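Knowing the structure of chain A, use the given hints to seat chain B on it.
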Amino acid sequence: MTQYSWPDPATRPLLGKKIDRVDGPSKSSGRAKYTYDYYPQGLLAGSILRCPYAHAKIVSIDTSAAEKMPGVKAVEIIQKPGTEIFWAGDEIVGVAAVDEGTVHDALRAIKVEYEVLPHFVSDAEPPKIVAADTGPISSDDFQDMEENQVPDEEVIAAIQKRGISFKPSDKDYESMKGMGVDSSIIAALKKAKYVEGAAKPKSPYKKTALQTQGEPDKAFSSAAAVSEGVYGMPCIVHCSL
Amino acid sequence: MKKNDAPKPEPTSGVSRRDFMKISAVTSALPLVLGPKVVHAAGEDVAVLGPGKVPVALNVNGKKLQAELEPRVTLLDALRGQFNLTGAKRVCDRGACGACTVLMDGKPVYACSVLAIDAQNAKITTIEALAEGDKLSPVMQAFVEHDAQQCGFCTPGFVVAITAFLQDHPKPTADDIRHGLSGNFCRCGTYSGIRAVALAHTGGKRS
Chain A
1 MTQYSWPDPA
11 TRPLLGKKID
21 RVDGPSKSSG
31 RAKYTYDYYP
41 QGLLAGSILR
51 CPYAHAKIVS
61 IDTSAAEKMP
71 GVKAVEIIQK
81 PGTEIFWAGD
91 EIVGVAAVDE
101 GTVHDALRAI
111 KVEYEVLPHF
121 VSDAEPPKIV
131 AADTGPISSD
141 DFQDMEENQV
151 PDEEVIAAIQ
161 KRGISFKPSD
171 KDYESMKGMG
181 VDSSIIAALK
191 KAKYVEGAAK
201 PKSPYKKTAL
211 QTQGEPDKAF
221 SSAAAVSEGV
231 YGMPCIVHCS
241 L
Chain B
242 MKKNDAPKPE
252 PTSGVSRRDF
262 MKISAVTSAL
272 PLVLGPKVVH
282 AAGEDVAVLG
292 PGKVPVALNV
302 NGKKLQAELE
312 PRVTLLDALR
322 GQFNLTGAKR
332 VCDRGACGAC
342 TVLMDGKPVY
352 ACSVLAIDAQ
362 NAKITTIEAL
372 AEGDKLSPVM
382 QAFVEHDAQQ
392 CGFCTPGFVV
402 AITAFLQDHP
412 KPTADDIRHG
422 LSGNFCRCGT
432 YSGIRAVALA
442 HTGGKRS
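Taken in sequence, the protein lines are chains A and B.
Each residue of the first sequence is one higher than the one before, counting from 1 in the working numbering.
Each residue of the second sequence is one higher than the one before, counting from 242 in the working numbering.
So here's chain A without its partners, still in its complex pose (with noise of 0.2 Å):
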């Protein structure tokens, strides 16, 4: 078998050895051009106007001010009316101009006018568009209001005040069970009245990724202390820089 060993300390030409970095004399003097130090001759400033709501319809787009502003170049309408946005800093319109505050002049002067669409930015409030809606009860309503644990009792008031706009059959009920809806509830659903649903808005909410493992509920009820606390996440980019 081949041996390998280091070569001798005094005879590495790196290992071991402090090596200055190459560029570090031209960037702690403040001399190295990044991209962004280079002004080469008619270069132009641009910027986007974004979505300020996280979920909305655009309704319409005015950008003929901006347009007739002196040092705008070009005003491009990125995502047209009609357009249902679902994030607030999505992009709408784009414009270019001789400089940034001829940019910035320009986003303020277009209008844009948006349908505001339910949406929830903190998932430590209750969901407001099940508290708002007073029709029957759809088969979405019922999974958001499990899903966010909604009190039993809330849920099976809203049942019977409401009804609900959907037939389970006893395959449902089974997996209802299955995935931990209280029987209380269970009962209240075979009770409810049907009524026919109208047309609602879709639910804002996407389904949750839940995985158990293991049997945490044991775990908690031999456990010697219980700490209960609610944690959010709050939203990370992958670029920080």
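Derived from the structure by calculation, the hints contain no laboratory data.
Some hints could be false.
Claimed, not checked - Residues of chain A placed beyond 12 Å of chain B at every Cβ, according to the derived structure:
| hint | residue |
| --- | --- |
| 1 | K57 |
| 2 | E100 |
| 3 | A187 |
| 4 | G214 |
| 5 | F220 |
Claimed, not checked - Chain A side only, calculated, beta carbon under 7 Å to chain B, not exhaustive:
| hint | residue |
| --- | --- |
| 6 | G24 |
| 7 | G30 |
| 8 | Y173 |
All values derive from a computational prediction rather than experimental measurement.
We put the CB at the ideal spot given by N, CA and C, even for glycine.
Coordinates of chain B only, in the frame set by chain A:
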């Protein structure tokens, strides 16, 4: 350092915020005409600059520089866009990160938070003037030796801030350095190298 040592803003025109709002109301009602306007406000005549471009004269690194700028242009954007002094970087553009630090009459300031028209009577020194020709300044050289930089985008701001800090604090402790450089951020996290740079110039102990 910036928070503690920055010169206190002194009222120069005697125009209070309330008066300023009155002036704004007056000027916005004036028809747009070319040339400087003067309005009578708060008992004195006040020249109105803008909203278009106005002549701006700056004293930067010992040179007199002139440009036509809108009054809303910051000192930083003037230095970078008009005079090609791109050592000071625009990162946060809101006076938090320190990458745009330059010296105004020897004091470090965030160039993104000073209007070019307000910097006309000051001596501006940028990182470009801290090197001695092609030779790095001792602080710049120490940044290389202590490898106190990675992407290097915050580095010029730190070099300017440390240079000014060491002039005011020739014998800083490690705590002085932490406090004194708290106005600059490094996203790469090269702080230990940067503290070593400051300490290397003072014979202090690394901690």
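So, going through the hints one by one against the coordinates:
Against the 12 Å criterion, A:K57 stays outside the reach of chain B, whose nearest CB is about 32 Å from its own CB. Some Cβ of chain B comes within 12 Å of the Cβ of A:E100; the nearest lies about 8 Å off, and the non-interface call is violated. Distance to chain B confirms A:A187 as a non-interface residue, since its nearest Cβ pair spans about 57 Å, more than 12 Å. Non-interface call for A:G214 relative to chain B: holds, since the shortest CB-CB distance, roughly 38 Å, exceeds 12 Å.
For A:F220, the requirement that its beta carbon stay farther than 12 Å from each beta carbon of chain B is met, with the minimum near 39 Å. Given the 7 Å rule on beta carbons, the hint for A:G24 holds: about 4 Å separates it from the nearest Cβ of chain B. A cut of 7 Å between beta carbons decides the hint on A:G30: the least distance to chain B is about 2 Å, and the hint holds. Annotation: interface hint on A:Y173 violated; nearest CB of chain B at approximately 55 Å, more than 7 Å.
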